[in-house]
Amino acid sequence: MAATKTRVSSFSRNVPATLAPQIPGVKTGPNGTAFVSSGIPDLDRIVGGGFPLGSLVMVMEDPEAPHHMLLLRNFMSQGLVHNQPLLYASTANDPKGFLGTLPSPVTSRADKLSHDDEPVEEKGLRIAWQYKKYFGGSQQILNSQGAMENKHEYGNDFDVRKPLQRQFITGQKVECISLQDCPDLSALRDRCATFLAQFPRKDGSISSVGRIAIQSFCVPECSYFNREWHMLSFIKALRSMIRSSNAVTVVTFLPSVLSPSFSKRWQHMTDMLFSVLAIPDEDKDLAELLTGYQDMVGLLNIHKVARINTQVPVILEATTFSLKLRKRKYLALESLNQAPVDGSSGTSYSTSGSCSSTTSSKPGSLDF
Amino acid sequence: MADSICRTLRDGGLEGEHAPALTIKDRISSPLGLDVFNHVLAQLSSFILAGKSQSRGLVLVALTRSPSFYLELLKSGGVQLNSAQKWIHILDCYSDPLGWKDNPSRHEKANTATDENPGTVALFRDVKDANKLFCSVSELGKELLGPIKGRFSVAIDSVSEMLRHASLTSVASFISKLRSHDQVSSIFWLLHSDLHEAKIAAVFDYISSMIASLEPMIHPSNGERLSSENRSLRNENLSRGNFSVRFKRRNGRVRQMCEEISVEQSGIKFTPVSSDGQAIGGGPLPKVQFNLELSEKEQMDRASVVLPFEHQGNGKPIQIYDGRRSLADTRTNTVHVPTEASEAADPRKGEIIYLRDSDDERPDSDEDPDDDLDI
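So the protein sequences, as listed, match chains B and S. Note that the first sequence ends on residue 368 in this note's numbering; no numbers are left out. Note that the second sequence ends on residue 743 in this note's numbering; no numbers are left out.
Check before you lean on any hint, since a few could be wrong.
Unchecked claim - Within a straight-line C-alpha distance of at most 25 angstroms, the following computed BS3-like cross-link-like pairs (lysine-lysine) qualify:
{"id": "1", "chain 1": "B", "residue 1": "Lys327", "chain 2": "B", "residue 2": "Lys162"}
{"id": "2", "chain 1": "S", "residue 1": "Lys496", "chain 2": "S", "residue 2": "Lys454"}
{"id": "3", "chain 1": "B", "residue 1": "Lys304", "chain 2": "B", "residue 2": "Lys324"}
{"id": "4", "chain 1": "S", "residue 1": "Lys454", "chain 2": "S", "residue 2": "Lys469"}
{"id": "5", "chain 1": "B", "residue 1": "Lys173", "chain 2": "B", "residue 2": "Lys27"}
{"id": "6", "chain 1": "B", "residue 1": "Lys264", "chain 2": "S", "residue 2": "Lys567"}
{"id": "7", "chain 1": "B", "residue 1": "Lys327", "chain 2": "B", "residue 2": "Lys96"}
{"id": "8", "chain 1": "B", "residue 1": "Lys324", "chain 2": "S", "residue 2": "Lys665"}
{"id": "9", "chain 1": "S", "residue 1": "Lys500", "chain 2": "S", "residue 2": "Lys443"}
{"id": "10", "chain 1": "B", "residue 1": "Lys329", "chain 2": "S", "residue 2": "Lys517"}
{"id": "11", "chain 1": "S", "residue 1": "Lys443", "chain 2": "S", "residue 2": "Lys454"}
{"id": "12", "chain 1": "B", "residue 1": "Lys327", "chain 2": "S", "residue 2": "Lys420"}
{"id": "13", "chain 1": "B", "residue 1": "Lys264", "chain 2": "B", "residue 2": "Lys284"}
{"id": "14", "chain 1": "S", "residue 1": "Lys517", "chain 2": "S", "residue 2": "Lys496"}
{"id": "15", "chain 1": "B", "residue 1": "Lys96", "chain 2": "B", "residue 2": "Lys27"}
{"id": "16", "chain 1": "S", "residue 1": "Lys665", "chain 2": "B", "residue 2": "Lys236"}
{"id": "17", "chain 1": "S", "residue 1": "Lys567", "chain 2": "S", "residue 2": "Lys510"}
{"id": "18", "chain 1": "B", "residue 1": "Lys96", "chain 2": "S", "residue 2": "Lys567"}
If you're looking for bench data, these hints aren't it; they were derived computationally from the structure. Small disclaimer: the values here were computed from a predicted structure and weren't measured.
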């Protein structure tokens, strides 16, 4: 409407100059937040952009499966690819060894095409309208290729089969701590504080961004394992340090080895909470219920999404996603889809079949 | 399925991987843990002696029963103990775990079994120190293997006993150090789950790669008065039970299997579950949606569907259909011939023959409303 009016109204729109991020790998979002990619493009899309700077992300591990390592590796690789300094702490005697298992980013364009095609399809809604022919000239769908290319700079797909090139790992950017060397968590907290001092948060510009990754924080072998209040106050101190700096921390922990009340306290302390679950192998019921069961590596639950600077909650369409390795290389998250129910099972009223969609031979607990 | 446990222990771990670890968990209502432990021990010993296993020796940390018990057990199982010190070493933490006895040598003389097999049993007097225990175990293992490169297995009689003396952290680090020791091929232990808090059982579930738990066949409910029926049920539970195993597989998935176990005079028997098993592994699936997305093939098919009015306006004269067939008839003969032809009574196609309700209806209502769909 403003385009057709020639007179200038007394209202002039004040378009704020968008803060172009000076460094790659950081995207600005609403409410003054800046995001960094988690290393998994699907996850970035689901949580609405990525991990906000200044947030604490926690991943609850499953004692039966090592899937949290997939998330952690992608997160660390993404940071290294964007030249963001990384602090890594784990319980291994030699944490540097883990760096050799980080995946390398995918650069070829061919593998990215599958991402591009989908949104273009949805925009082109084909309407078979009787009078369309009188209006002449079909409207071209805006070529969104340009927008896609910018996204590639923000978040990459990682090929889990190829290790990250050495040039990313060597250098001053990566610090490793072994949690076994820290008898007391205050030493660890001091290390984190000195690391985070490199990225203070000042108004406006973001000069550099850092990442902290702590793996298996409450593993039973640590000397501080019995001191649960101690661990909790470490997490609290870490969160306050993170808030005032341009960094993101990912901590993985095992909720089943903590007392239930402490596990809840930890979960409340964090900004973003995920949990990974193992799936049973060769489970016929599950194979019938879900499509794509064979390819699934595990399940990811999203419990909390970070909402910093806003009171508006995020309500996700689905909170459980399946972790899959697309083409056995790229980690992907897919929403769970129910397989078409076999017509012969269960829901006919003539037989006393059960309501569940699983095999009809076993009567379920509900008989209608 | 108990065979598959023993096979996994026999095969050991790959290079650079943690050694497979088995927890045998039992409880007061199904106290068959020691029998299962003995069974696994006997099986592994026979594999070692036959040379079929990755490990060439076994180090047994005996906390709840004396070393002579185990040597007798192996002998009664038909295992020759002549050259026992070549393949089995027992760390005796039973005779004097806390170092209370002043003169340990006096006690050892009473032990005839160890006299027959010298060098098999080593006394350990400081169970509170898990580090020292680890050093002793690894030394014994190295002794077993000698100069030849190889691996040995470790069996811990009862981790519950260890937890009495040492803290959870030290026991957990003891086991994980053993698992990551490059000469340890496999490790298994016994745990009485109701002696400890749930947290401790969770820790051992986390550390192990296979969890074998024993459950009673008939669950005794708490607070029932001890009647003769209950007593017989409970006696049943002393000799039979459900044996379920959770395997953590390399692909990140969990395999659960179940069997029935019965312990008799002759030995242990494992039988497949007779009754219909319930759904295992419940539901980590709270919300599953129907598949609303299209696969690639489906997208291609959708793209190739011809929609009604699409082909018009592409150079051909635009036809305005105003609802009367007769006009179209007279105006064109060429373009819409295919559609006209289809209106003629084609014996192969379906035809709708109808009778008019009354002559009041307007002439337009005779038409087939689908005619204006121009496909």
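Please verify whether S:Lys443 and S:Lys454 have alpha carbons no more than 25 angstroms apart. Given that 25 angstroms is the threshold and the Cα spacing comes to 15 angstroms, the pair holds.
Can the restraint linking B:Lys327 and S:Lys420 be considered satisfied, given a maximum Cα separation of 25 angstroms? With Cα atoms ~37 angstroms apart, B:Lys327 and S:Lys420 exceed 25 angstroms; violated.
Are B:Lys264 and S:Lys567 close enough, with their CA atoms no more than 25 angstroms apart? Holds. B:Lys264 to S:Lys567 sits at ~14 angstroms (cutoff 25 angstroms).
Hinted pair S:Lys496 and S:Lys454, Cα distance within 25 angstroms: violated, 28 angstroms
Keeping to a limit of 25 angstroms between CA atoms, is the pair of B:Lys264 and B:Lys284 held or broken? Violated: B:Lys264 and B:Lys284 sit about 34 angstroms apart, past 25 angstroms.
Check the hint pairing B:Lys327 with B:Lys162 against an upper bound of 25 angstroms on the C-alpha distance. Holds, because 13 angstroms separates the two Cα atoms, which is no more than 25 angstroms.
Would the pair B:Lys304 and B:Lys324 pass a check requiring their Cα atoms to be no farther apart than 25 angstroms? holds, 21 angstroms
Hinted pair B:Lys327 and B:Lys96, Cα distance within 25 angstroms: violated, 28 angstroms
Hint check: B:Lys173 vs B:Lys27, CA-CA at most 25 angstroms. Holds or violated? holds, 21 angstroms
Hinted pair B:Lys329 and S:Lys517, Cα distance within 25 angstroms: violated, 36 angstroms
Run the distance test for S:Lys500 versus S:Lys443: straight-line Cα separation, threshold 25 angstroms. The given pair, whose Cα atoms are some 30 angstroms apart, is violated under the 25 angstroms limit.
Has the given pair, B:Lys96 with S:Lys567, been kept, meaning a C-alpha gap of at most 25 angstroms? violated, 30 angstroms
Hint check: violations occur at hints 2, 4, 7, 9, 10, 12, 13, 14, 15, 16, 17, 18; the rest are consistent with the structure.
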